[in-house]
Amino acid sequence: MLFFTRWKAAAILLTALIVCLFAVPNFFPDSMVQKWPNWAQRHIVLGLDLQGGSSLLLEVDTNSVHKEVLQTLSENVLHTLREARIPFTGRAVVGNAVQVHITRNTDYDTALTKLRNLSQPLSGYAGTTGQRSLDVSQNGDLIALTPTDPALTEHIRQAVDQSIEIVQRRVNELGLVEPSIQREGTDRILVQVPGLQDPTRLKEILGKTAKLDFRMVDLSMTPEQAEQARPTESEVLDGEQSGQKYLIEKRVLVSGADLVDAQPGFDQRTNEPIVQFRFNSSGARKFAEATQANVGKPFAIVLDNKVVSAPVIREPILGGSGQISGNFNVQQANDLAILLRAGALPAPLTIVEERTVGPGLGQDSINAGEHAAYAGAALVVVFMLATYGLFGLFANIAVTINVAMIFGILSLLGATLTLPGIAGIVLTVGIAVDSNVLIYERIREEVRAGRTAINAIDAGFTRALATILDSNITTFIAAAVLFYIGTGPVRGFAVTLGVGIITTLFTAFTLTRLIVAYWVRMWRPRVVPI
Amino acid sequence: MRLLRIVPDNTKFDFMRFRRISFPISALLSIAAICLFFFHGLNFGIDFVGGTLMEVQTKGGLADLGKMRATIGGLHLGDFQLQEFGAPDDVLIRISEQPGGDEAQQAAVQKVRDTLGDTVDYRRVEVVGPSVSTELLSYGTIGLVLAIVAILIYLWFRFEWQFALGAMIANVHDLVLTVGFMSLTHIDFDLTSIAALLTILGYSLNDTVVIYDRIREMLRRYKRMSMPDLLNASVNATLSRSIVTHVTVAMSLLALLLFGGQAIHSFTATMMFGVVLVGTYTSVFIASPILIYLGVGIGRMGGAEEPEPPAAVAAPAPSRPAPTPQRARARR
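As given, the protein sequences belong to chains A and D, one line each in that order. So in this note's numbering, spot 95 of the first sequence is number 95, and the numbers just go up one at a time. So in this note's numbering, spot 194 of the second sequence is number 194, and the numbers just go up one at a time.
Source of the hints: derived by calculation from the structure; they are not laboratory data. Take the hints with a grain of salt, since some may be wrong.
What the simulated footprint calls covered on chain D by chain A, stretch by stretch (three residues with Cβ under 8 Å from a Cβ of chain A suffice, anywhere in the stretch; the number is not a length) [claimed, not checked]: (1) 107 to 117; (2) 123 to 129; (3) 149 to 159; (4) 196 to 209; (5) 227 to 241; (6) 244 to 254.
Just so you know, even glycine gets a beta-carbon here, dropped at the ideal spot from N, CA and C.
Isolated chain A, as found in the complex (with noise of 0.2 Å):
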């Protein structure tokens, strides 16, 4: 156990330095780091709790997705059937199916074929297996389509990949300081933005949908008429002030998909903020023939379901540019550019979890931390020193050296350091010390047997390993399970004390004995000083 050769020793020793040297890199400013080589640039991520910033989960509405996706199909019917001169009635969204019933029992098969045509084989991974998007089924008159479930699966995640997209954009927009977004679980967006200390602005641009349409105002009735009629074209929208309604029509007649550019500005005659939009070709050419059909007519901006003005057309559009006014103040009418601009949500976000840290608590916690590690440290060191005078010094080093590795491995993973991270490398300090602890006690003990010094060393060791590489499994698992289920902070705990127990294991099995080697070569002791 006590022997090593040459090239052993000093792999070993390099190993321990350049890990130690990853954690180099932190004892710099940022400023001085950036100037480094890439690879040598490696830090460790202060968490959210540490540098203050604030942190918010969103969730994609996944009920919208799936009523959207229904409605889209019940149109898809619509125009099969139109199509093949199908005759019927009932067509409706019942439960998570699309139903409709055919008129004439001629025209069953026909129906069958022609609206199984609609499912298609899926791609991706979920197509390897055979699954298609739609299961169908006829009962009597009756033809049932029902979306399957990987098909609602890959909606769900086309959903979400294009709401991170765009709540990428719009974060991007607001101007914020190395924000991070990223996926969580199937329907969650995490998105952290260090430094934030009021997101207020951040959840309002974030919670709005952003889905504008540019539609005709209903003029056959009045909107109170139509809440009693129900007509089936139109539908009555609120307006932006409390108790304002509208009749708008149901069609479309251009949406905000097809803007390319949204300004906030200033009107020249009333100088109220307003937002200036310019549409694509093909926006700009719908909205001309629009505008030129209804001259003298009022149409309708409608913002997620809300009439944001209701203009009377005075002279045709054709130059695909107009503005957007609504009683909006200069930070209303900013927002509302960088919505359009960044594009509509597939579906509307909630907010489920909010965390925010002041940059306050963030230093405070990064003092109590050093604080804690400092005297967590000086307390150990010194009854190390009195418990085993010289082999605790060794230990000290081992454990000195442990620590600096952790700090490398950390800074290598670009690891977040959370609060609970901390106390995770002060209770490490606790691992490896007893590491430590288990190989003296065993040599005490093996001397108090009646074995030489060397000999008591050596079976110290021997013996000491086997149970020191039991115990730290255990707690190894552990933290591995902690990491599995846990979020932030908690993950923060689990990669430290994880990786304290890699380093420590390392430390115990090649750096502690190399040490007490080479005190044994140079001293060849008689009496063990233990």
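Dock chain D against the given chain A, drawing on the hints supplied.
Same frame as chain A, now just chain D:
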């Protein structure tokens, strides 16, 4: 230099005799802890029940809790608590979950922010909606169970099943007592508490495994020693290590407790109780003697009654029995 010896050499304390006291005491304490859990309950933090937590610092001067309470009470947000947090100008506001789903929580926070405005610094704002909180609780519970099972399987492979079972009983006992402690002291039970429980599990297993390792070694070496004597010898042999290690861990935790700040206070307090107080007691007084009842060593030659002085354990070489193959290999 004279080195510190917390445990004198050749300590031979009869730990196994205490099983007649420790088992009933532990059983009673466990029942008490379970009763506490069901009748007194845990002080679930917003991680698990949803709601809003705000830590604010008043600008200039001490916090006027009464005034602040009246202000927030005027917002009609249902149950809320105010408490001083660490410093006289630091206030923790906890608002219970609002009816009406995730959006309602956000609306409540906005109301408080609007009302308190610029008079305070917002040090921390945490809002957990109902959909996340139920998930976090189930993940936490699943995690704990998963960890126990994984560790059990590992021990079963490394030792015999009796050891795995003994370790599990001992450690579930630890967790139960710790949960009882948390209920009694009304410490916030949140995600970090789950982390604390898992760490306690890891640590206390660590301790149990060290003693079990020694018991296994002794079982191979001393084929004729009675089970209680053998267990006593094992616990005594590892006693010094147990104490030294727990002193160092306690020192680390003490540092965290004193200087680590309010944010991890409940975490360290729980750890202190679980690791230092319960974990140590359990491995010595529960985990080891329980092996007698689980039937470890029943099939050994000579039987349990064969007299052999426990002194043999640490006595010099002549009284040691012949080396077994294991030993011979270890010596090389």
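Hint check against the structure, violated hint numbers in rising order: none
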